[in-house]
Structure formats: C-alpha cells, structure tokens
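2 protein chains.
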Amino acid sequence: MSNANDETLELGLRFDAQGLIPAIIIDQSDNAVLMFAFMNAEAFAETQRTGVVHFYSRSRAKLWMKGETSGETFEVVEMLVDCDQDVLLVRVKPQGVGNACHTGRRSCFYREIKDKVLVFKN
Amino acid sequence: MSNANDETLELGLRFDAQGLIPAIIIDQSDNAVLMFAFMNAEAFAETQRTGVVHFYSRSRAKLWMKGETSGETFEVVEMLVDCDQDVLLVRVKPQGVGNACHTGRRSCFYREIKDKVLVFKN
Numbered sequence: 014m015s016n017a018n019d020e021t022l023e024l025g026l027r028f029d030a031q032g033l034i035p036a037i038i039i040d041q042s043d044n045a046v047l048m049f050a051f052m053n054a055e056a057f058a059e060t061q062r063t064g065v066v067h068f069y070s071r072s073r074a075k076l077w078m079k080g081e082t083s084g085e086t087f088e089v090v091e092m093l094v095d096c097d098q099d100v101l102l103v104r105v106k107p108q109g110v111g112n113a114c115h116t117g118r119r120s121c122f123y124r125e126i127k128d129k130v131l132v133f134k135n
Numbered sequence: 014m015s016n017a018n019d020e021t022l023e024l025g026l027r028f029d030a031q032g033l034i035p036a037i038i039i040d041q042s043d044n045a046v047l048m049f050a051f052m053n054a055e056a057f058a059e060t061q062r063t064g065v066v067h068f069y070s071r072s073r074a075k076l077w078m079k080g081e082t083s084g085e086t087f088e089v090v091e092m093l094v095d096c097d098q099d100v101l102l103v104r105v106k107p108q109g110v111g112n113a114c115h116t117g118r119r120s121c122f123y124r125e126i127k128d129k130v131l132v133f134k135n
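So the sequence lines, in the order shown, correspond to chains A and B.
FYI, in the working numbering the residues of the first sequence are 14 to 135.
FYI, in the working numbering the residues of the second sequence are 14 to 135.
Extracted from the complex, chain A is given alone in its bound form (with noise of 0.2 Å):
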C-alpha cells in the first residue's frame, strides 16, 4: 500500500517509540554490509555536521562515533532512506585498517546459520 512517504521528496525521518531509526552500513567499494546500529536524532544530525558515521548506544546510553576507540571510523559517502523513511542505508569509506566489527573483522557477519548451528564464512 502506496502513501505520501513514498514520493515524497521532503525529509520526514521516522524514529522509533525510543527515538530511535535502524542504519545499514554499507562498504561504498563493494556493497558488503559492514554492520548495522541505531541512530537517535543527535547521531544522525552528527553523522550529516562532520560526515562521520555516529550511532546511539542503547546499552550505554549514549552518543557516540563509530570507531572512536578503535580508529576504525566510516566516512560518509551517500545516506539514503527507505521508501517509508524510517531505515537508513549509509554507504561508506571505511578508515583505519578497515575491520569494522570489534571483533577484529572486516564485517560483523562472518557465520552463516545452517539448520541449528552456525559456520564461520569468513
């Protein structure tokens, strides 16, 4: 079902009951997904100011920029909304050595699920 969101060139994000919108980042040389994360208002007002991908954490409650520890920043390349707006697709440059997940890797989906269990792709 079609509504007015669809077309719409006017930016109207839609946050969530805890203000808050899902973002899918995207690596801008290959379109892997690196991760996915949640932005409050303030990060996404942060992440278009400084052209650095932020997230809100829920588990500490705060701001916060994607790789501030660990050096593994993403540079925004293109921001894109979803057809109801309230999913982001943010393609990026990743900086540091390029492992986006904490663990090291250069994405955080590295196991396929098989039946019950789960086997490391990469």
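It should be emphasised that the hints constitute simulated quantities derived from the structure, not laboratory data.
Please note: incorrect hints may appear among the correct ones.
For identical chains, the list gives no copy identity; a pair is met inside one copy or between any two copies.
[To be verified] List time: in silico BS3-like cross-link candidates among lysine-lysine, alpha-carbon distance up to 25 Å: (1) LYS75 with LYS134; (2) LYS127 with LYS106; (3) LYS106 with LYS75; (4) LYS106 with LYS129; (5) LYS106 with LYS134.
Starting from the known structure of chain A, fit chain B onto it as the hints suggest.
For chain B alone, coordinates are given in the frame of chain A:
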C-alpha cells in the same frame, strides 16, 4: 568489547523486548540492499522451514510471507547473523519480476538524503 556470543557456533538469536530481530535483505546477484524488516521467532522458523522469506508485520501484528500478494517473494540463498546475534542478513534470489519494494521499485532505498531534502537515486 568481545564476548562469548562473538565466536560461538551455537545459534542463539537475541530477539528484542518485542520479540523481534531486524533482517536486512540483500540480492545475491550484486549484494544490493533490497529491503529491511523484522522477523519474530515464528517468521524466522517459517523462513528456515520453507526457504522463502517471512516477516512479522508490526502494523498488522501478524506473520506474512514477503510477496504473498505481490508475487515478489524472496528465495533464501543464505542467512548470516551478526557478532552479537541480534541482526540477520539474508541473501536472496528475488522471484516475481524483481520489484521488492511495494512502490514497484527494485529496492526500498531509492532516495538519497541531501542535507535537508531527498533526491531520487533510481
């Protein structure tokens, strides 16, 4: 900060307080992000059982097979889980004519955020 969830090969999905887990859908042909939605435990189980992507609709409060009315179903190629097992990445082979978005576009992410406005990308 690393934890036991990072390296385990035991499947232990972490659904949120509403019983949901985010699912990012990418096209197996080129990794393009097609859409984003939520699964609950039942939707995940049905997706595994049938090999076709199912979601949980928060607005309709029910399980649905993506494409059940449009024909734009997603055949699962593989499912990955992130480091802390609270996000799914599903690689799919789109069926139907390949318009994943309800607006008739291939992907839900067809508008770029340019400062305070949106610009059509695709």
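Structure-based check of each hint:
no., hint, result
1, LYS75 with LYS134, "neither (32 Å within a copy, 32 Å between copies)"
2, LYS127 with LYS106, "between (31 Å within a copy, 18 Å between copies)"
3, LYS106 with LYS75, "within (24 Å within a copy, 38 Å between copies)"
4, LYS106 with LYS129, "between (35 Å within a copy, 22 Å between copies)"
5, LYS106 with LYS134, "both (23 Å within a copy, 19 Å between copies)"
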